[in-house]
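Asks: What follows is each chain in one-letter form.
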Amino acid sequence: MNSAVQPALDAPRGTQLSPEQRALVLRLAVLGLLGLALTLASQAFLTPGNLLNVLRQASLMFLLASGLTLVILCGGLDLSIGANVALSACLAGTVIQGTGSVLLGCAVGAGCGLAIGVLNGLMVTALRIPPFIATYGMLWILHGVTYWFMNGETIHGFPPAFRALGSGYFAGVPLPVYLMLAVLLVGTVLMQYTTWGQEVYATGANTEAAELSGVPVFARRLAVYAASGLMGGLASLVFLARLNSAEGDMGESLTLQAIAAVLIGGTSLFGGTGTLVGTLIGALILTVVLNGMNLLSVSANWQPLITGVIVILSVLSDAMARKRHGG
Amino acid sequence: MNFKSAFQTASVATGFIAACAISTATMAQSGEKVAVFTKNQTNPFFQVVRLGADSAAKQMGAVVTHYVPTKPDSIPEQMSQIDDVIIKKPNAIVFTPVDYKAMGAGVLKMNAAGIPVVNITDRSEAGKFVAFVGASDYELGLVTARHLLKAMGGKGNIVILDGVKGSIVSADRARGFADALKEYPQVKLLASQPGNFQRLQGLQVMENLMQTHAQINGVVAANDAMAAGAIEALEGANRKALVVGINGTKEAVDAIKAGKMLASGDYNGFLQGCVGTMVAIRELRRLPVPKEVVFKASVIDKSNYQAVDMPADKRSCPKWEEAIKG
Chain A
1 MNSAVQPALD APRGTQLSPE QRALVLRLAV LGLLGLALTL ASQAFLTPGN LLNVLRQASL
61 MFLLASGLTL VILCGGLDLS IGANVALSAC LAGTVIQGTG SVLLGCAVGA GCGLAIGVLN
121 GLMVTALRIP PFIATYGMLW ILHGVTYWFM NGETIHGFPP AFRALGSGYF AGVPLPVYLM
181 LAVLLVGTVL MQYTTWGQEV YATGANTEAA ELSGVPVFAR RLAVYAASGL MGGLASLVFL
241 ARLNSAEGDM GESLTLQAIA AVLIGGTSLF GGTGTLVGTL IGALILTVVL NGMNLLSVSA
301 NWQPLITGVI VILSVLSDAM ARKRHGG
Chain B
1 MNFKSAFQTA SVATGFIAAC AISTATMAQS GEKVAVFTKN QTNPFFQVVR LGADSAAKQM
61 GAVVTHYVPT KPDSIPEQMS QIDDVIIKKP NAIVFTPVDY KAMGAGVLKM NAAGIPVVNI
121 TDRSEAGKFV AFVGASDYEL GLVTARHLLK AMGGKGNIVI LDGVKGSIVS ADRARGFADA
181 LKEYPQVKLL ASQPGNFQRL QGLQVMENLM QTHAQINGVV AANDAMAAGA IEALEGANRK
241 ALVVGINGTK EAVDAIKAGK MLASGDYNGF LQGCVGTMVA IRELRRLPVP KEVVFKASVI
301 DKSNYQAVDM PADKRSCPKW EEAIKG
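Residue numbers (our numbering), protein chains in the order written: chain A, 1 to 327; chain B, 1 to 326.
In short, the hints are calculated from the structure, not lab data.
The structure displayed is predicted, hence computed values, not measured ones.
Be careful, since some hints might not be right.
Quick look at which bits of chain B chain A covers, simulated, 3 or more residues with Cβ under 8 Å [claimed, not checked]: (1) 78-85; (2) 221-230.
Distance windows between CB atoms, simulated [to be verified]: (3) B:Val164 to A:Leu33: 27 to 35 Å; (4) B:Arg239 to A:Met320: 39 to 47 Å; (5) B:Leu189 to A:Leu52: 21 to 29 Å.
Not the full set, but computed from the structure, chain B residues with beta-carbon under 8 Å of chain A [unchecked claim]: (6) Gly31; (7) Gln47; (8) Gly154; (9) Asp162; (10) Ala191; (11) Gln198; (12) Arg199; (13) Leu200; (14) Gln211; (15) Thr212; (16) Glu322; (17) Ala323.
Here a beta-carbon is modelled for each residue, glycine too, at the ideal position from N, C-alpha and C.
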């Protein structure tokens, strides 16, 4: 696991695929197979409307999981991401309704997310608290603050200009999809083609070695938690705009799903390997499974079971290929 | 959780400033002490139940203390709150189990401590109670779905957004939906899919269902949050359908007022809190109490929303005779 490859620095040339590339291809194959099966089973699946629908649903999950991807491939974990969404969205929603200013509300939501991320990063780096515990503690604190702040109320009804962020279209494509593509592009360039990104990979692969070779480990780890927090805050705005409402428990089911999207996408929980493209595929697999079950009207009895089996299968293909190649 | 303080005002600063005021008023009279257990701080329904309990206690000169798990619906947390309460020994307890099966042991502990307990909202499987006060989820499902099917003129296509598979509330409401459908054989059920009582899932499942069903005339959601999600999905796709939910939350009332939602089954949280607490206090004062108060299922729509269209903390409990009529 620790013989992680740093793609841009020493990616093998020629026909041989790196383990990361192989993992990506296998995930794409799983997604393709799912798509093929659903195309055969339902006429509604392979239509422009439904594909855009799937992309929009996946974009929400991707935005949330993108920062988390950096944290995980840097060898950390962020369990507070869903609770971050809830608090950021509730604060942003309150500010938008209280002041009428969409910009101020967005700044508050993003700022809240960033602040949470920085606090997580400081706990992990400066205080040396294990990431699981630090962010699990943060999850409880955020729940506590959010529940107290909301007091069981739901905030709803936002100006159309703000709601467009979640439900608007540009040139026939939903706006969150553009956001997703922008984050994917910027993030991928940052991670694959800059020293900064390579240093994050190196920190995740082997922290001591990275430190000895002069990587500012402290700063990189702090930065990935900050990024995760900021993405949580930004994602909360898109959720808020799409749902047109905020409530205290809105983030509860998101954390595990986001972590699952990252891991299905091929990022290692041990750090050092993973890509944002992989996370996008992970988010798409999860979204397509639900989409397919709804299109086919699969009974509620079977839905959890089917989801579980597909999640395991999508990772199994890669694990078996890895074993065969002795990787 | 304890909301005893009369007014709390505070601000949360996260680099930016936001302020909110929480006010919960409880009379500081030296009346009977009643401990009120609810399931969570996140569902608006239980917030309204607590306000109902506060209002009843205020009217009758008793003192209410609230116990709410910080982690929503946490079984171990409610168990330990029961242990705490038994030590504090209130005169009576008004109790909603976070899980109707798993909390049985906790109820037996309260029984063993000799404290009278009134069961509200979700019927506990085990234990002795002064009375049960609640609504029938089956009846609510039945009248709410019936309301929609009637409004559709008894024909057209509908989809159902169910709650959590395995939850008794969801199962009872689903049974009500199914029986209402039997009364309108010309209405076609296109799909019945789980949304787990969550807004986001209600939205996404509805988005998905719209992809495969070109004509959906009505949506039955097992709670208001999913109904609101479905309404967002419909608006996003520029499509129209009549939508009903259950619980009668403030959000649903606003949507009904705005003409976005057809109706919501009234779960009557405020009255459940009122009557549950009244029964507890009456029992302590040796006044007669019924063994069971199940409110008649009713539907909030355009024609009658005014009665519930006010902040719950401004509402006050009806008189006992009025209240138990339902």
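Asks: Evaluate each hint against the coordinates.
Replies: To see whether the hints hold, each was checked on the structure:
1. Here's how the segment 78-85 of chain B fares: 0 of its residues keep a CB closer than 8 Å to some CB of chain A, so the rule of at least three is not met and the hint is violated.
2. For the segment 221-230 of chain B, the stated coverage by chain A is satisfied: 3 residues place a CB nearer than 8 Å to a CB of that chain, which reaches the threshold of 3.
3. Between Val164 of chain B and Leu33 of chain A the beta carbon distance is about 30 Å. The supplied range of 27 to 35 Å therefore holds.
4. For Arg239 of chain B and Met320 of chain A, the Cβ-Cβ distance of about 44 Å falls inside the hinted range of 39 to 47 Å, so the restraint holds.
5. Distance hint for Leu189 of chain B and Leu52 of chain A: a CB-CB separation of about 27 Å, consistent with the stated range 21 to 29 Å.
6. A cut of 8 Å between beta carbons decides the hint on Gly31 of chain B: the least distance to chain A is about 25 Å, and the hint is violated.
7. Annotation: interface hint on Gln47 of chain B holds; nearest CB of chain A at approximately 3 Å, less than 8 Å.
8. For Gly154 of chain B, the interface hint is violated, since its Cβ never comes within 8 Å of a Cβ in chain A; the closest pair sits about 23 Å apart.
9. Interface restraint check: Asp162 of chain B against chain A, minimum CB-CB distance 6 Å, threshold 8 Å, status holds.
10. The beta carbon of Ala191 of chain B comes within 4 Å of a beta carbon in chain A, closer than 8 Å, and the hint placing it at the interface holds.
11. Against a cut-off of 8 Å between C-beta atoms, the interface hint on Gln198 of chain B holds, since the closest Cβ of chain A lies about 6 Å away.
12. Nearest Cβ of chain A to the Cβ of Arg199 of chain B: about 6 Å, under the 8 Å cut. The hint holds.
13. With 8 Å as the threshold, the beta carbon of Leu200 of chain B comes within range of chain A, its nearest partner Cβ sitting at about 6 Å, so the hint holds.
14. With its C-beta approaching chain A no nearer than about 4 Å, Gln211 of chain B sits inside the 8 Å limit, and its interface hint holds.
15. At a threshold of 8 Å, the smallest CB-CB gap from Thr212 of chain B to chain A is about 4 Å, leaving the interface hint in force.
16. Hint status for Glu322 of chain B relative to chain A: violated, with the closest Cβ pair at about 26 Å, above 8 Å.
17. Checking Ala323 of chain B against chain A by beta carbon gives a least distance of about 22 Å; that is not within 8 Å, so the hint is violated.
Checked against the numbered hints listed earlier, the structure breaks hints 1, 6, 8, 16, 17; every other hint is satisfied.
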